[in-house]
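2 protein chains.
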Amino acid sequence: MIRRTSQDIRRLNRFEVLRRVYAGPGAMSRQDVAAATGLSFATVANLTAELLEAGVLVEAGHEESGGGRPRARLAVNAERGALIGVDIAETSVHAELFDLALTVRHSVERPLPPGDVRPSDVVDALAGAVGELLAASGTDRARVLGAGVSVPGMVEREGGVSSFSPYWSWHEVPLRALLDERLGLPLWLDNPLRASTVAEMWCGAGREVDDLVVLTLRAGVGAGIAIGGQLYRGFTNSAGEWGHTCLALDGRPCTCGNRGCVEAYVSLRGIAETWRELAPGDARATGPDDAVTVAALARAADAGDPAAAAAIDRTGRYLGAAVANLVNLVNPQVVVVGNQVVDLLGERLLPVAYEAVGRHALALPHRAATLCRSTVPHNPVTLGAATFALEGFLDDREVFGPVSRMRKAAKGGAGAGG
Amino acid sequence: MIRRTSQDIRRLNRFEVLRRVYAGPGAMSRQDVAAATGLSFATVANLTAELLEAGVLVEAGHEESGGGRPRARLAVNAERGALIGVDIAETSVHAELFDLALTVRHSVERPLPPGDVRPSDVVDALAGAVGELLAASGTDRARVLGAGVSVPGMVEREGGVSSFSPYWSWHEVPLRALLDERLGLPLWLDNPLRASTVAEMWCGAGREVDDLVVLTLRAGVGAGIAIGGQLYRGFTNSAGEWGHTCLALDGRPCTCGNRGCVEAYVSLRGIAETWRELAPGDARATGPDDAVTVAALARAADAGDPAAAAAIDRTGRYLGAAVANLVNLVNPQVVVVGNQVVDLLGERLLPVAYEAVGRHALALPHRAATLCRSTVPHNPVTLGAATFALEGFLDDREVFGPVSRMRKAAKGGAGAGG
Ligand SMILES: [Zn+2]
Ligand SMILES: [Zn+2]
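Chains as they are written, first to last, in the working numbering: chain C, -3 to 414; chain U, -3 to 414.
Only true hints are included.
What the simulated footprint calls covered on chain C by chain U, stretch by stretch (three residues with Cβ under 8 Å from a Cβ of chain U suffice, anywhere in the stretch; the number is not a length): (1) 150 to 164; (2) 233 to 243; (3) 315 to 321; (4) 326 to 336.
Some, not all, of what chain C presents toward chain U, calculated at C-beta under 8 Å: (5) Ile5; (6) Asp207; (7) Ile223; (8) Tyr228; (9) Gly230; (10) Cys252; (11) Asn254; (12) His356; (13) Leu358; (14) Leu360; (15) Pro361; (16) Ala364.
Here are the computed distance ranges between Cβ atoms for each label pair: (17) Ala97/C - Asp4/U: 29 to 37 Å; (18) Ser116/C - Glu273/U: 48 to 56 Å; (19) Asp4/U - Thr371/C: 25 to 33 Å; (20) Ala19/C - Ala359/U: 33 to 41 Å; (21) Glu204/U - Arg369/C: 39 to 47 Å; (22) Arg153/U - Glu204/C: 22 to 30 Å; (23) Arg65/U - Ala19/C: 50 to 58 Å; (24) Glu204/U - Gly51/C: 38 to 46 Å; (25) Ala97/C - Arg65/U: 49 to 57 Å; (26) Ala19/C - Arg153/U: 23 to 31 Å; (27) Arg153/U - Thr99/C: 36 to 44 Å; (28) Asp339/C - Leu8/U: 40 to 48 Å.
If you are wondering where the hints come from, they were derived from the structure by calculation, not from laboratory data.
Even glycine gets a Cβ: it sits at the ideal position worked out from N, Cα and C.
Isolated chain C, as found in the complex (with noise of 0.2 Å):
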């Protein structure tokens, strides 16, 4: 069913509106956010004063508008609250502490055990950084308005309970109840694919976007879809599973038990098996963790290697192939290419992959997408965790919405209006 109340667009707008002031190029005037985002001024200024009210945003001086009235230039209040953002990846939890302006405050990174991880092992190792975190930089629990975590696989949200791990043996662990327990603060479950993309929606190439495609490339590969300005979830929160679509019918096999899929060619463990395949006596390519073997890849191609070199052109024209498919199928605005994969071998692959791409992909569509690298400064999983955190605080209805308003409407308060 859809739903398509008031209620629900109030609160699109309000992302909405924050998302303008957050992708600013400075402070922002009303009048800006209504001319960005096409809202009235009578609605910008409605969410506005809401925003304020709620210490989200504060004014930050005034701008001359020309003989006019000054109009407020509109910030982000950093002070407001802290945010903790989680990455739960295959060989280590990585945690950190943003301020309200999802500027990174502290970060720590804790191992996980080698081989087949336990769930208490992650319980314990994410308790334990975020009790780090907090203790290192003297921030209060009660100010950290929420902690999102990025949990690797498929997590349903609400129950938070983790139905599917690519890289170990969990079956239906109730992540949300276990880390309830030990954390005490409002906390957000969800993917990484999910959470880069909503990294590259506030802070990032999705900024002013409305369809966008996030590709992740690391152990896990898959695709974060944005449409109309919204993250695209799916019928039951699976959506993006790119790594997983078929790119070379019966071709190499999968860690998921089928043959030929993206990932089996552009993970780290499927980059690393190319260089095999092309370097089958190079003990460099034989090592049991494969980042560090597609590092050494990128230094033996850098030091002139040709089977280095070349398990990098044919890793190219794979990601091409595979990206052409998300441009001929989604037709996005923009394609953003981030994570491990391309930190370590970006200036060589994308090249490469881009002219792949510009070949199979029809041209209307290709000619419509901008193909470029995440432009987040950070970690995008821990940021885009983060991020969940702060629509979640925004999504609060005792700050915002009809509680808040019955409240202010109870104490005589003036709560709409600009």
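Start from chain C and add chain U with the ligands according to the hints.
Only chain U with the ligands this time, still in chain C's reference frame:
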């Protein structure tokens, strides 16, 4: 830029209300519509008043409501006007006249000349077919609310320029200008993928579904996508080119110039080619008309020909892997398959294809997705094209929206309220 104005919302909700009345099991009350849409009773009453005023809906009797005031039943006013839907296909132009309840009243099919069809051939066939429809059904041109035309390939909706044709060597053909002159009717242009999808949304398996994929399988192959109950067009109206996503890297050549595209395996042409591969000496597989060849394939399989059965099996495996890609990427609630390939081979092809989807898709999105055949009774493309004309009429600001409300206010007439 995202537009989320009250005007947009009103328009979307108007479609939504009417779609539910079309979809309903019979005449629905305002309460039924409110329950089905999630909209408030007041909003439904207001939109209903507008649709009654415009003559699109009528009150058709009352239902008892268990003691309370009897509730008026709403029905579509089939006689409010006529709609025309046209399907420009590879070898013919098919035009149908519908009443406002989207029931077919008259059908005409005109062959196109063989080979490289010129735009003027199509315009002549189309104008002739429309003239014949009106004459044969005794319909006054002034009663036609609009004509929707499905153009193969890529077409701009506003300018009406066909920028890419999969069958003919057309270059930037100004179809809208050519047709406007000949038809003298409000004209709505789009492609068959989107027409089929809109047909399913209004009259088929997509009636109560938010996230929907509709596969068109005939000479051309593609996917129409609806998200959140709205057709998804992509950034430049070319989303859905699933037929030209790569399924088998370096595989069979495709008409688009690439290799290994889905269309190269599951279009009429692709299926005929698979049969020729498996039965090299079989004269039935070598005719010039692929639809005729695929019909012969169905008969051969029915007669127990093992190569024919194998060709259908292999096609089912291609189709299943390609559908699994959509299931993994889009995570839809419903996937509808239809058109000539399904009409000719469905009974044998679909069980094999569904089974292959199960092997290739991830468990969670596979469990979430219902796969089904189109339930649209006629050609979904002509029906969808007519539905574009209906949607265009519902967008007419002379009939609905501020202009009509201002006019009514000037007249002192009542516009809103239930
Ligand atoms: Zn896979
Ligand atoms: Zn193709």
